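Novice: One letter stands for each residue in the lines below.
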Amino acid sequence: MILTRPIAALGRNVLQLLAAIGRVVIFAGQTVSHLFRPPYYHREFFQALVQIGWLSLPVVGLTALFTGGALALQIYAGGARFSAEAVVPSIVAIGMVRELGPVLGGLMVAARVASSIAAELGTMKVTEQIDALVTLSTNPMKYLTLPRVLAATLAVPVLVAVGDAIGIFGGYIVGVTRLDFNAAAYLKNTVDFLEFWDVASGLFKGAAFGFLVALMGCYYGMNSGRGAQGVGRATKAAVVSASVLILAANYILTEVFFSA
Amino acid sequence: MIDLRDIHKSFGSNHVLRGVNLAVSKGESLVIIGGSGTGKSVALKCILGLVKPDSGQISVGGRDVNTGDRDTFLARFGMLFQGGALFDSLPVWQNVAFRLLRGALKRPHDEAHAIAVEKLRRVGLKPDVADKFPAELSGGMQKRVGLARAICADPDIIFFDEPTTGLDPIMAGVINELIREIVVEMGATAMTITHDMTSVRAIADKVAMLHDGVIQWTGPVTDLDNSGDPYLDQFIHGRAEGPIEAVR
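Protein chains in written order, with the numbering used here: chain A, 1 to 260; chain B, 1 to 248.
There's no promise every hint is true.
[As the list claims (entries may be wrong)] A short list of chain B residues far from chain A (calculated; beta carbon distances all over 12 angstroms):
1. D6
2. S13
3. Q57
4. R63
5. F87
6. D110
7. K126
8. N226
9. R239
[Claimed, not checked] Rough simulated footprint, nothing fancy, chain B against chain A, three-plus residues with beta-carbon under 8 angstroms:
10. 125-132
11. 135-143
Calculated from the structure, these hints are not laboratory results. Computed from a predicted model, the values in this text were never measured in an experiment. Where is the CB? At the ideal position from N, CA and C, for every residue including glycine.
Pulled out of the complex, with its shape left as it was, chain A reads as follows:
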């Protein structure tokens, strides 16, 4: 009995994990299915687009700017060990558009957006606003979830593109002012070594991360427990799961896009 107890506990936890994954997948499936079934709530979609896209620009831009600058310093210092300082512009560009732009942008959006969606929807749940929507013949998945998930899926790639450009600009500023690169040569090296797929893969990652961030925010918000503590737990769970899923999805997508 004592010996089997840990195995039983392990089994219980595995089953709970699988059930949770199943619930999220069903929730995602239901959300996507509403994309093909009217009515659509355009106003809610555009509001979500502004909240998720436009208002996240400052935080994503600042993150990218400092990351691009730090990346230039690191690559210069590392490259100097084998006389490869000249690779700074191309590595900064490739590093930003393939990895750091989408991942850091996604994580910043997760912190800002998954938390706010989970807190808003969680509060709506505990104050019976979601029940009120149902009694007013409005499907909460259509009215609350789909607009947010769709807006994040479309807005985050745009944020990533802007973040990429700002990150490369951060590297350029550091390269030109601190590392004595020629401005024109830095830009030429950046453009020459950057391929279409480098940029496109990063944008595709951005779309996937945006989907995951809004999905986690909506899932935990709609399933929030009672009271302030329930909303707090939902918010925390949304940010943690969105962040972990972004990092896991990033590895899987990198494997799919770039493994030979």
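Using the hints provided, position chain B relative to the given structure of chain A.
Specialist: Coordinates of chain B only, in the frame set by chain A:
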């Protein structure tokens, strides 16, 4: 009009409803009373489909609630929630006219606004409240807005979940009067959940007491004081001693 037959509902090991049987006639105002946690709200939410009963049958107007188009079914209902459940992100008039701004009952923007202002006036609120946000209103005003939203699309069934909770006695009296007037004026069928005995006497035609998951007593409001039911007597007189166990 509304018929509940042998409704059972459990949440985990908590068997909340243990065979609820209840009938409400057309145009009647039924008030359900009972202690906290006895499943009054659950019974109401079962009718609306917000909670799915484990077993039993619910019909409205002779039709099973699980058959037919859900939007058409819900369009017959208005509901005033305990906390108002107003949408924080929308101004008051859009809360009131929510049903008229989207879906099957959609009206032109100006017409929906005019109807919302008229319904606000009906519940005693001035037109300048229409452009405020719910957070800017007092508890009593929020209840009135919730009431205006519940009646905006002229439903033939209205549910009131604890309509006077959290209000001072005068405001509670105003809301009770409003509910009674509106229900009579619209000829609607009403179901109300409350602990407030003043509300019961002001609103009800018929009273049902829910205790231990079943309807313990039901009858006209005029029989409330001479029912002979010890459970009902203890409840309406607020006595700590009696067959209903009070947790101290």
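Novice: Against this structure, judge whether each hint is valid.
Specialist: These are the hints, each one checked on the structure:
1. D6: holds (24 angstroms)
2. S13: holds (18 angstroms)
3. Q57: holds (21 angstroms)
4. R63: Holds, because the least Cβ-Cβ distance between R63/B and chain A comes to about 17 angstroms, which exceeds 12 angstroms.
5. F87: violated (6 angstroms)
6. D110: holds (17 angstroms)
7. K126: holds (24 angstroms)
8. N226: Answer for N226/B: holds, closest chain A Cβ roughly 37 angstroms.
9. R239: Since the minimum Cβ distance to chain A is about 30 angstroms, R239/B lies beyond 12 angstroms and the statement holds.
10. 125-132: Per the Cβ count (5), the hint holds.
11. 135-143: Our answer is that it holds, as 4 residues pass the Cβ test (under 8 angstroms) against chain B, meeting three.
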